[in-house]
Amino acid sequence: MSSLIKMLKALLITVLAYLIQVCVMQYFAIGGMTGSMLFATLAILTVSLGKKYTFCASCIIGMLMESMLSNVPGLYIIAYPVIAMICAQFFADMSDRQRERRRMINDIRRSRRGEGKAVRRLLSRLTGRDRDGDLPAHLRIVLCAALMDLILNIVLIAYMYLIGVDLSFTHFTRALGSVLYTAVLTAVVMGPVRYFLGMYPRRKKRRVGGDIV
Numbered sequence: 001m002s003s004l005i006k007m008l009k010a011l012l013i014t015v016l017a018y019l020i021q022v023c024v025m026q027y028f029a030i031g032g033m034t035g036s037m038l039f040a041t042l043a044i045l046t047v048s049l050g051k052k053y054t055f056c057a058s059c060i061i062g063m064l065m066e067s068m069l070s071n072v073p074g075l076y077i078i079a080y081p082v083i084a085m086i087c088a089q090f091f092a093d094m095s096d097r098q099r100e101r102r103r104m105i106n107d108i109r110r111s112r113r114g115e116g117k118a119v120r121r122l123l124s125r126l127t128g129r130d131r132d133g134d135l136p137a138h139l140r141i142v143l144c145a146a147l148m149d150l151i152l153n154i155v156l157i158a159y160m161y162l163i164g165v166d167l168s169f170t171h172f173t174r175a176l177g178s179v180l181y182t183a184v185l186t187a188v189v190m191g192p193v194r195y196f197l198g199m200y201p202r203r204k205k206r207r208v209g210g211d212i213v
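Residue numbers in the sequence shown follow our numbering, run continuously in steps of one, and reach 213 at the last position.
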């Protein structure tokens, strides 16, 4: 039942992200640039729920974008799943088996290099990585969304160049602005979305005497 609820939540978030992107984001444009709520959502699902949810959500988004907004036949239905899965390889949370395997490899490497505990703690603090070598989940979400948006902008710029559009500095600044907008947008929405997905442990209520605390 919990898996079904999680799947329904992911589906609801995906559909809402599409509706917000096509109906609302145009009113929050800055200098003609808008962030991508779609990539923000895909990044959250990638880090929070894993690759399977990312692939399904990206296919749904690709089909919706292809059927409603695509000017280039087949672009969105291919681009969104491909971009999402490429970024998922780098940013998706690992399974317990993969984490254990990498922990063993890291322990072997550390023992060979003779690293001390104090050095490892110092490196972890400087890099922001946990003991398994992962970047913090919130940072991975922002980086994942920014990378997705960057890849799509590169694809679009390459397409414009191939069809004969004269590229200017404005095209690149707008692409960079879109990536930064998406990163900021992701940082704003990832907290509520992850809470809705149940990624934050909720405090259990206890009964003390006649009161619930």
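If you're looking for bench data, these hints aren't it; they were derived computationally from the structure.
By construction, the Cβ of each residue, glycine as well, lies at the ideal position given by its N, Cα and C atoms.
Incorrect hints may appear among the rest.
[What the hints assert, rightly or not] Lysine to aspartate or glutamate pairs mimicking EDC-like chemistry, simulated, CA-CA at most 20 Å apart:
no.	residue 1	residue 2
1	K6	D93
2	K9	E66
3	K6	E66
[What the hints assert, rightly or not] Just the calculated beta-carbon pair ranges, DEER-fashion:
no.	residue 1	residue 2	range
4	Y159	L8	22 to 30 Å
5	L4	L162	20 to 28 Å
6	I157	F90	19 to 27 Å
Structure-based check of all given hints:
1. K6 to D93: holds (16 Å)
2. K9 to E66: Judged against 20 Å, a Cα distance of about 23 Å means the pair is violated.
3. K6 to E66: Status violated; Cα separation ~26 Å.
4. Y159 to L8: 22 to 30 Å: violated (36 Å)
5. L4 to L162: 20 to 28 Å: violated (44 Å)
6. I157 to F90: 19 to 27 Å: The hinted range 19 to 27 Å holds for I157 and F90, with Cβ atoms some 22 Å apart.
This entry does not satisfy hints 2, 3, 4 and 5, going by the numbered hints stated previously.
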